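Taken in sequence, the protein lines are chains A and B.
Residues in the first sequence are numbered from 229 upward in steps of one, following this note's numbering.
Residues in the second sequence are numbered from 2 upward in steps of one, following this note's numbering.
Simulated from the structure, these hints should not be mistaken for laboratory data.
Since the model is a prediction, treat every value here as computed from it, not as a measurement.
Just so you know, even glycine gets a beta-carbon here, dropped at the ideal spot from N, CA and C.
Some hints here could point you the wrong way.
In silico negatives: residues of chain B with every beta carbon more than 12 Å from chain A [claimed, not checked]:
(1) Val12
(2) Leu19
(3) Phe27
(4) Phe143
(5) Lys230
(6) Pro249
Partial selection, computed: residues in chain B whose CB lies under 7 Å from chain A [what the hints assert, rightly or not]:
(7) Gly35
(8) Asp39
(9) Thr40
(10) Gln50
(11) Tyr88
(12) Asn89
(13) Pro91
(14) Ile154
(15) His165
(16) Ala170
(17) Val175
(18) Val271
(19) Ser273
Taking lysine to aspartate or glutamate pairs in the DMTMM-like style, the calculated list, with each CA pair at most 25 Å apart, reads [claimed, not checked]:
(20) B/Lys94 with A/Glu389
(21) A/Lys318 with B/Glu51
(22) A/Lys318 with B/Asp54
(23) A/Lys312 with B/Asp54
(24) A/Lys713 with B/Asp174
(25) A/Lys318 with B/Asp63
(26) B/Lys94 with A/Glu367
(27) A/Lys391 with B/Asp81
(28) A/Lys414 with B/Asp63
(29) A/Lys370 with B/Asp54
(30) A/Lys312 with B/Glu51
(31) A/Lys370 with B/Glu55
(32) A/Lys391 with B/Glu98
(33) A/Lys370 with B/Asp174
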Amino acid sequence: MATNVRNLNPAVQSGIVTGYPGAQLFAAPLRYDEDWTPQPYLAKSWDVSDDGLTVTLNLVDNAVFHDGVPITSADVAFSVDTIKAHHPFKSMFAPVTSVDTPDQHTAVLNLSKPHPALMLAMSGQLMAIIPKHIYGDGENPKTHPRNTENVVGSGPFKLVEYKSGEHVILERFDDFFIEGRPYLDKIVMRIITDPAARAIAYENGEVHMGAFESLPRIINRLKKVENLTVTDEGYGGIGPLDWLAMNTTKGPLQDVRVRKAIAHAVDKNFIHKALMEGTASNSLTGIHPDSPFYNSNVEGYDLDLDKSRALLDEAGFPMDGESRFNLTIDFGWPGVKPQVEYVKAALKKVGITVEVRASADFPTWAARMGEMDFDLSWDTVFNWGDPVIGVHRTYSSSNIAKGVWSNTQGYANDRVDELMAMAAIESDPAKRKALYAEFQEIIADEVPVYHVNTLPYHTVYNDNVGNPPLGIWGTSTPIDMTYLKTQ
Amino acid sequence: MGIVRIILLRVVYAIALLLAVLVLNFSLMHLAPGDVADTISQSMGGADQEILDEIRVSYGLDQPFVVQLWRYVSKVVQFDLGHSFFYNQPVTKLILERLPATLLLVITAQIAALIIGVVLGVVSARRPNGVSNYIVTFIALFGYSAPVFWTGILLLITFSLNVHWFPVAGMRDVTIEGGFWVHFLDVARHLILPAVTLGSIFLALYSRLSRASMMEVLGSDYVRTAKSKGLTSNQVVYKHALKNALSPVITLAGLQFSAVLSGAVLVEAVFSWPGLGTLAFQSIIARDTPTILGILFFSALVVIVGNLLTDLALRLVDPRVGGGK
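Put together the whole structure using the sequences plus the hints.
Below, the structure written as structure tokens:
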């Protein structure tokens, strides 16, 4: 792992760093296979009513927490309440009005409206089933001491030692509810902050497996190492995307033709091949290409400088000496500086003068984004499973607010709002897909953000690792089927 | 002036200085736009206004600047450095937990560099135009000019990757089981590369300084007298000259020791050494104000105490310092 883990309890803390240990410590009702199909986990079966307003979970009956207390429907109800109140992704369980517990092993979620996103929200790290008898003691679950010490979980591994900034050590939980699993006896998750040092640790076998490597140079170097496999599989669920955000509320960028002109002037091919060194995939919309809802049949903006210039003329920004107008571009972390510098050079060719504004650190940049004090900015946003959870927030007009950086573009389109509202409650997968297809066409056409590429997250593992976690949730789901070939 | 008075006066200065450091650091941190709520919400994959407000209220970041400053100073006066936002732990505990690792690294590097540096310096000073002099000069210049992160990575590639002699990162192998000596050897194995990396800067300084100082002393009258008395060259160098030549080296060592953190930050980051440097690095990136302020406060304390101790040590070695009253 590359950074410190603040909290091991995914019910109150999101993020990939919590997800890796969190999904080992706590079980979710469902898990997903590579084809985005839900599979039983803590729930052996489930049933969605025809009107989509009740979802019944039938729990396995032999499941116990790490302290031996049985896992019951009361814990599921408690977990839903906790997540609703304290998890940052409010959209996951917002439509859940109550949870009935007719018996110990049946939990019925009552919904105010159909909510197909619930299935993904009940999988991976997004829904940790936490023990009511520990976290229900009246203390704020968000700052509960048991989030990092003496953790009593429901998952395949239990906590041995948590050392902030150093490591998390997990051990096989012998009474795990799936017979014979997990296969590994012990997992040591080490925090190695320096990417070059991590790379060497993979190479010399000191570390068997690692996820979320994103530096193209290191990825390509490790790909050449004989006993290592480096793959970008396993990130569809998290769905990380890199894009060029445009502030649609001020200056020339208010005009959609200017935004299209910028898209035509920036050569994505150059970014993919030269800057990302072939490690990232093209992405055309706000939905990750690995998602079943992805629509690749949208405007892609090929490099076309003449068209770009024509669009700028048409929008009423003729060349005035050397330049048409000035813009600024921001970036939040040094890793994307090459992209930003490239955009500056590319836009100069069509007569837009761009000033690169560096930020001293991440919070400085985030404050600028939150205040919508920017023209262009490089940004990275995650999908988090269902579009309702991680996609809507960027394009929803109700999310235009100062102080947060969600729809910092200030983008508002009634039809887009309407499509998202309909897709959120559409139970039929095919119809839902069609709604998102139209949604993606519009956002690609109106370019509030110019979608550039997927963030090249890669998982690295050596030949000793059998069955590495490469499902849609990658390492943010239990790795109970992973094993070591030789000790 | 009596030594007790000097110490007392220094302590009074130190307290005033620490207070100034505290207020200045706090104000500087406050000037920067954005805060830890941004970092926390980023690590969570995004958050809405409600959550950002909740974080700010729970850490008191919603209060006016003067109130925050007053709260902080009054806490520090009671030896409470506050609670880390990012690590969810008391800052004092965080610092004390990581101090031993840093001390181990810095002291090992310092002592090794001091001894080797002085030896190299003396050797090259005795034959200012010999081959040994050029070798020592080369080592010193290389150690001083190569950036530590580069040296660190180079050593890692050579000794961890090409030959599997040393581990890549951390301070100990958590899977290892055994008694004290097993763990001792394990830590020693982890310690060597970072200590060499860190020591290479100090080594350069010490060898250059002790060379220059030794050459100066060797040219002085009393050395000539000693030589004409018929003492052997070794006796002159090690009995008479070295003691005097060491005085500036000790001053430098003291000053360097005060800079415990600045040198260790990069080395610790490269080797994931679980010390104060890594903590400083990570908390700066996370804008974890209480931790940053705590470390700065602690470093100021170390600098002041370090300077005081250097002064005292110099008095022992060289009675001329302090006027001899």
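Exercise. Which numbered conditions among the earlier hints are violated in the structure presented, ordered from lowest to highest?
Worked result: Failing hints, ascending: 13, 28, 33.
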